[in-house]
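Number of protein chains: 2
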Amino acid sequence: MTDIPDFSKGDGLLAAVAQDAETGEVLMLAFMNAESFAETLATGRAVYYSRSRKRLWRKGEESGHYQEVRQILVDCDGDAILLKVRQQGMAACHTGRRSCFFHEVSAEGVRIVSEPVVDPLALYSGKHD
Amino acid sequence: MTDIPDFSKGDGLLAAVAQDAETGEVLMLAFMNAESFAETLATGRAVYYSRSRKRLWRKGEESGHYQEVRQILVDCDGDAILLKVRQQGMAACHTGRRSCFFHEVSAEGVRIVSEPVVDPLALYSGKHD
Numbered sequence: 000m001t002d003i004p005d006f007s008k009g010d011g012l013l014a015a016v017a018q019d020a021e022t023g024e025v026l027m028l029a030f031m032n033a034e035s036f037a038e039t040l041a042t043g044r045a046v047y048y049s050r051s052r053k054r055l056w057r058k059g060e061e062s063g064h065y066q067e068v069r070q071i072l073v074d075c076d077g078d079a080i081l082l083k084v085r086q087q088g089m090a091a092c093h094t095g096r097r098s099c100f101f102h103e104v105s106a107e108g109v110r111i112v113s114e115p116v117v118d119p120l121a122l123y124s125g126k127h128d
Numbered sequence: 000m001t002d003i004p005d006f007s008k009g010d011g012l013l014a015a016v017a018q019d020a021e022t023g024e025v026l027m028l029a030f031m032n033a034e035s036f037a038e039t040l041a042t043g044r045a046v047y048y049s050r051s052r053k054r055l056w057r058k059g060e061e062s063g064h065y066q067e068v069r070q071i072l073v074d075c076d077g078d079a080i081l082l083k084v085r086q087q088g089m090a091a092c093h094t095g096r097r098s099c100f101f102h103e104v105s106a107e108g109v110r111i112v113s114e115p116v117v118d119p120l121a122l123y124s125g126k127h128d
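Protein chains in written order, with numbering that gives the first Met the number 0: chain A, 0 to 128; chain B, 0 to 128.
Just so you know, the hints here were simulated from the structure itself, not pulled from any lab data. These numbers come from a predicted model, not from an experiment. Be aware that one or more of the hints could be misleading.
Same chains, same names: a pair is fine if it fits in one copy or spans any two.
Claimed, not checked - With a cut-off of at most 20 angstroms between alpha-carbon atoms, the simulated EDC-like pairs for lysine to aspartate or glutamate come out as follows: (1) Lys53 <-> Glu34; (2) Lys53 <-> Asp10; (3) Lys53 <-> Glu21; (4) Lys53 <-> Asp76; (5) Lys53 <-> Asp118; (6) Lys53 <-> Glu67; (7) Lys8 <-> Glu21; (8) Lys8 <-> Asp76.
In isolation and in its complexed conformation, chain A is listed as follows (with noise of 0.2 angstroms):
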C-alpha cells in the first residue's frame, strides 16, 4: 500500500506544483518535506520547503502574498502534489510575474511570454529555492 504522499521517495523531498484554483494557470513548482506538507494541511496555507535555504518556506512569509490552498491533490504513486490554490497579491513569482513559468524554449531559442504585474522590488528580496 503506497502512502499517500508517500515522503520515503525522493529524499523526503516532493515536487509540489502550484495552480491558479479558479484559472489553471500553473503558477510555480516547488518542493515539500512530511513537515511542510502537515503545515500545509493544517493551515490552509501553502508551506514549501527551501532546498537552497534548508527550512520550511512559507509562501509568502515576506511578502504577505501567501497562496491560500483550496485543494490538495497526490498522484497515482504518491510521489508528486498538486496544490490547487489562491495567489494573494497577485504575483507568485519573485520576479513579480503571475507564473514563475515565463520562459518559453523552441527551437528558435528563449523568449521571455510574460510581463511583471508588481513591482517586484514590493515583494521581497529573495526567490522561492
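Guided by the hints, dock chain B onto chain A, whose structure is given.
Frame of chain A, contents of chain B only:
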C-alpha cells in the same frame, strides 16, 4: 546568467509538469534530464527520464498514447519545466485516468476523485516512474 533550463541543478534531473494545452488540467509530473529535454524539443513529443528504470522514457512508447508538445516553458530560476501538451488516447496515467492527480488529501483523509477513462490493461503494465 542562468541556463534555461539549468541541468546543473537537481543532479541533472529537473521536474517537468505536463498540462493539457486546451483544458489546463495538470496531467502528470515526471523528470527530465538534458537528453530527454533535447529530444522533446527536437521531436515535439514528450520524453522524460525514468528515475526507477534509469533510462529515457518516451511517453507512449508502449501504449502509443504519446504527448504532442504544444509549448515548453521553463521557470524563473531554470529548474522546473512546464509542457503544454495534447495527450493522445485520453489517459496520461497508467491507471487509465486522464490525470495522475486523483488522490484528494484533506483533514478527513484521502479520497479518490476521478475514475479511469480507459481500461489500464489496454494501456500497458508499466508505471511511469
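The hints, checked one at a time:
no.: 1; hint: Lys53 <-> Glu34; result: within (13 angstroms within a copy, 29 angstroms between copies)
no.: 2; hint: Lys53 <-> Asp10; result: both (13 angstroms within a copy, 17 angstroms between copies)
no.: 3; hint: Lys53 <-> Glu21; result: neither (31 angstroms within a copy, 37 angstroms between copies)
no.: 4; hint: Lys53 <-> Asp76; result: between (25 angstroms within a copy, 17 angstroms between copies)
no.: 5; hint: Lys53 <-> Asp118; result: neither (27 angstroms within a copy, 42 angstroms between copies)
no.: 6; hint: Lys53 <-> Glu67; result: neither (23 angstroms within a copy, 37 angstroms between copies)
no.: 7; hint: Lys8 <-> Glu21; result: neither (30 angstroms within a copy, 32 angstroms between copies)
no.: 8; hint: Lys8 <-> Asp76; result: within (10 angstroms within a copy, 24 angstroms between copies)
In summary, the numbered hints that this structure violates are 3, 5, 6 and 7.
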